[in-house]
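Just so you know, the protein sequences line up as chains D and W, in that order. Going by the working numbering, the residue at position 195 of the first sequence is 195; the numbering climbs one at a time, nothing skipped. Going by the working numbering, the residue at position 80 of the second sequence is 1080; the numbering climbs one at a time, nothing skipped.
Mixed in with the good hints, there may be bad ones.
Here are the simulated DSS-like cross-link-like pairs (lysine-lysine), alpha carbons at most 25 Å apart as the crow flies [stated by the list, open to error]:
(1) W/K1035 x D/K91
(2) D/K267 x W/K1262
(3) W/K1132 x D/K132
(4) D/K50 x W/K1132
(5) D/K263 x W/K1262
(6) W/K1091 x W/K1027
(7) D/K262 x W/K1262
(8) W/K1062 x W/K1035
(9) W/K1132 x D/K46
(10) W/K1013 x D/K50
(11) W/K1267 x D/K267
(12) W/K1062 x D/K62
(13) W/K1050 x D/K132
(14) W/K1046 x W/K1035
(15) D/K45 x W/K1132
(16) D/K62 x W/K1009
(17) D/K263 x W/K1267
(18) W/K1263 x D/K263
(19) W/K1046 x D/K132
(20) D/K9 x W/K1062
(21) D/K62 x W/K1050
(22) W/K1091 x D/K129
(23) D/K267 x W/K1263
(24) D/K262 x W/K1263
Here are some chain W residues pointing at chain D (derived, C-beta under 10 Å) [as the list claims (entries may be wrong)]:
(25) S1083
(26) H1090
(27) V1096
(28) Q1113
(29) S1118
(30) D1165
Estimated spans, in silico, between C-beta atoms of each pair [claimed, not checked]:
(31) D/S20 x W/Q1192: 48 to 54 Å
(32) W/K1045 x D/Q206: 44 to 50 Å
(33) D/F264 x W/D1310: 47 to 53 Å
(34) W/D1142 x D/Q106: 37 to 43 Å
(35) W/S1023 x D/A55: 41 to 47 Å
(36) W/K1045 x D/E334: 55 to 61 Å
(37) D/L15 x W/Q1192: 43 to 49 Å
(38) D/L157 x W/S1158: 49 to 55 Å
(39) D/T36 x W/N1155: 27 to 33 Å
(40) D/Q106 x W/I1339: 47 to 53 Å
Hints in this document: simulated from the structure, not taken from any laboratory. Because the structure is a prediction, the values reported are computed rather than measured. All residues carry an ideal CB built from backbone N, CA and C; glycine is no exception.
Protein chains: 2
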Amino acid sequence: MRSGQVTIKDIAKELGISASTVSRALKDHPDISSKTKIAVNELAKKWHYKPNAVALSLRHSKTNVIGVIIPEIVHHFFSSVISGIEEIAHKAGYNVMIFQSNESYQREMDNVQALLSSRVDGVLVSMSKETKDYSHFRELRDNGIPIVFFDRVCNDLSSDNVIVDDFAGAFAAVEHLIESGCKRIAHLSAPQHMLLAQNRQKGYRQAMLKHKVAIDESLVIKCDSFDEAIIKTPDLLNMPEPPDAIFAVNEMTAAGALSVIKKFGLKVPDDISIVGFTDGIVSRVSDPSLTTLEQHGLEVGLKAAELLVDRITEGNMDYEPITKVVKTNLIVRESTRRI
Amino acid sequence: MRSGQVTIKDIAKELGISASTVSRALKDHPDISSKTKIAVNELAKKWHYKPNAVALSLRHSKTNVIGVIIPEIVHHFFSSVISGIEEIAHKAGYNVMIFQSNESYQREMDNVQALLSSRVDGVLVSMSKETKDYSHFRELRDNGIPIVFFDRVCNDLSSDNVIVDDFAGAFAAVEHLIESGCKRIAHLSAPQHMLLAQNRQKGYRQAMLKHKVAIDESLVIKCDSFDEAIIKTPDLLNMPEPPDAIFAVNEMTAAGALSVIKKFGLKVPDDISIVGFTDGIVSRVSDPSLTTLEQHGLEVGLKAAELLVDRITEGNMDYEPITKVVKTNLIVRESTRRI
DNA sequence: CTGAAAGCGCTAACAG
DNA sequence: CTGTTAGCGCTTTCAG
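Based on the sequences and whatever the hints tell you, model everything.
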């Protein structure tokens, strides 16, 4: 028994021919006699020969690996994105290497280093919340590795992006709240250095403006997780003039707010309406189910991976960056009043 | 500007020394003069030298990559597992390659082929529901690649496993139902070729037996997804003697049953109690929240990855397979009656 | 039609 | 203290 896996050399030796002949026979090169081809292919099958991807990578300076950096895997939207990425990658013959930043800038940089070392052919990134400096991403590009950002993108860096239509989504959500009779609409938002958060807030403001509803700035607060919502929602409810609606920047924040509101004995949507962002399972099964914006994580993953594969195939780093927008759509459920 | 990334040769040429000296200087080899070391390290930093992991892999016949095959990524339990795996891998200096089988046997075999080609150092697998033949896994092992199965393991193949304590969990769940006064307990189960499903069903039967509660076999049905629960739960409810409790093999099935029960105008837990398996977000936020078994996906991932890393480090394929069991614990919420 | 040789980037034995 | 050489597995000229 040989140690390790079968190599082209093993086959060559067994058949008394050269390695190069085996190599050619395996790729059906026209120069090779069909007799040797058959012999080689038979033995290769018999011995379960598998081309060594590592050797191929070194030879061709191409690994056929795509790297993905994601804030956290345990998250319906992100896992959907990964699923989409894996799907496209598989079809295009790429393998997918996963890294999570855990929302840490330091970890994200480590991940980029690993990606550089691994010589991946391209990278997909959704940035950590902490990230404000982008030089590590620039280094990837300087080394000829194309990057496509998704969801958590940055405007400073001119790069390919795949984002959901945060502005339009937020606008639609808030407009829906206004049209269903809400007047004091709070916005639980995320840190404004994230484009996504900016756009969702812009959508909120624009909708309020359009419908001439005054914005009470004390109703626009930073609050972007389930736990934070548990802490901060009570303050909103205890205000002299509490809000009659909440537009939350993401699903778990909406769920957190909902749970507090129920504990306060208030009725949703009669006393307070709620809209979230991201159509996860939580929104569907919570009670009342949450009106929310479907974010199509799978599609984001598919689009981003497609774009990246194209960039890799082009092989030219002087491209004009584009931004693809995946439409969101408002799913009206039970947490908002009927119009 | 050089094309591609900086190599050891580039540095050697620039400094007028040999590649091996550079190599040694970079790894702080005692033979090298501190003068050259400094010069080399400075230039390496200045030029952002990154060791080429591909070349290292070829050289050492070790990729420092762990492969993971998972039925589907978009699933709270599995994404938790991946998160745990990534965590350990990162600490131990391994990168993680992700493949999803989409519950397809064919796809799973493709994934194994890709893993073999990639020469990964080890593999973590949770099998697809379709898989009944294990020769592709055997091939991995025959090639010296250690495998650790988790959650969806098989008993035919003597291999390392990390599983949750399905039997004890199911037993505890059903005992809880019985003690809270339920008499006709239905079990929504998964295909029995999966060890996990077998053990959960055994736990159910054992608890019934212990408490001398008769098992009505028409209440034990194959039903293991949200959609299937939507279809099959009505049949249960329409029986002349409908069940007063449901023990579902997983979370989404429980959620599906719950939603049907609510539509039927029945009260949970007063009319029917429900227990699920897997503590996902769904169980927490559904209304009523679901009594369930915490499955500790993260811990499964951590344990499985740790075990795999150990196996890789040992470098000896003649080990005695072990099975690690991660305890489950019953989280009593609102979908079951107080005892 | 087939083989020998060089090289992808790096390391380690061997030789100074 | 440093350089030369060979080789990890594979492909691809260049020769024959």
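Closest C-beta approach of W/S1083 to chain D relative to 10 Å, hint status: holds, 5 Å
Can the suggested window of 47 to 53 Å be confirmed for the beta-carbon pair D/Q106 and W/I1339? Since the Cβ atoms of D/Q106 and W/I1339 sit about 48 Å apart, the hinted range of 47 to 53 Å holds.
Practice prompt. Take the C-alpha atoms of W/K1091 and W/K1027, compute the straight-line distance between them, and say whether it is at most 25 Å.
Written response: Given that 25 Å is the threshold and the Cα spacing comes to 20 Å, the pair holds.
For this session: Sort out whether D/K129 lies within 25 Å of W/K1091, counting only the CA atoms.
Result: Measuring from Cα to Cα gives roughly 22 Å; hence the hint holds.
Margin query: Run the distance test for W/K1046 versus W/K1035: straight-line Cα separation, threshold 25 Å.
Written below: holds, 17 Å
Would you check whether W/H1090 satisfies its interface hint, that is, whether its CB is within less than 10 Å of any CB in chain D?
Holds. Min distance 8 Å.
**Prompt:** In this structure, is the beta-carbon distance linking D/S20 and W/Q1192 contained in 48 to 54 Å?
**Reply:** For W/Q1192 against D/S20, whose Cβ atoms are near 52 Å apart, the range 48 to 54 Å holds.
Handout entry: Holds or violated: W/K1050 to D/K132, with C-alpha atoms at most 25 Å apart
Key = holds, 24 Å
- request: Given the hint that W/K1132 pairs with D/K46, test it: the Cα-Cα distance must not exceed 25 Å.
  value: Distance ~23 Å between W/K1132 and D/K46 Cα, so the pair holds.
Proposed proximity, W/K1263 with D/K267 (alpha carbon, max 25 Å): holds, 20 Å
Hint check: D/K263 vs W/K1267, CA-CA at most 25 Å. Holds or violated? holds, 20 Å
Pair hint D/K262 and W/K1263, alpha-carbon separation not exceeding 25 Å: Holds, because 21 Å separates the two Cα atoms, which is no more than 25 Å.
The structure fails to meet hints 1, 3, 8, 10, 30, 35 and 39 from the earlier list, while all remaining hints are met.
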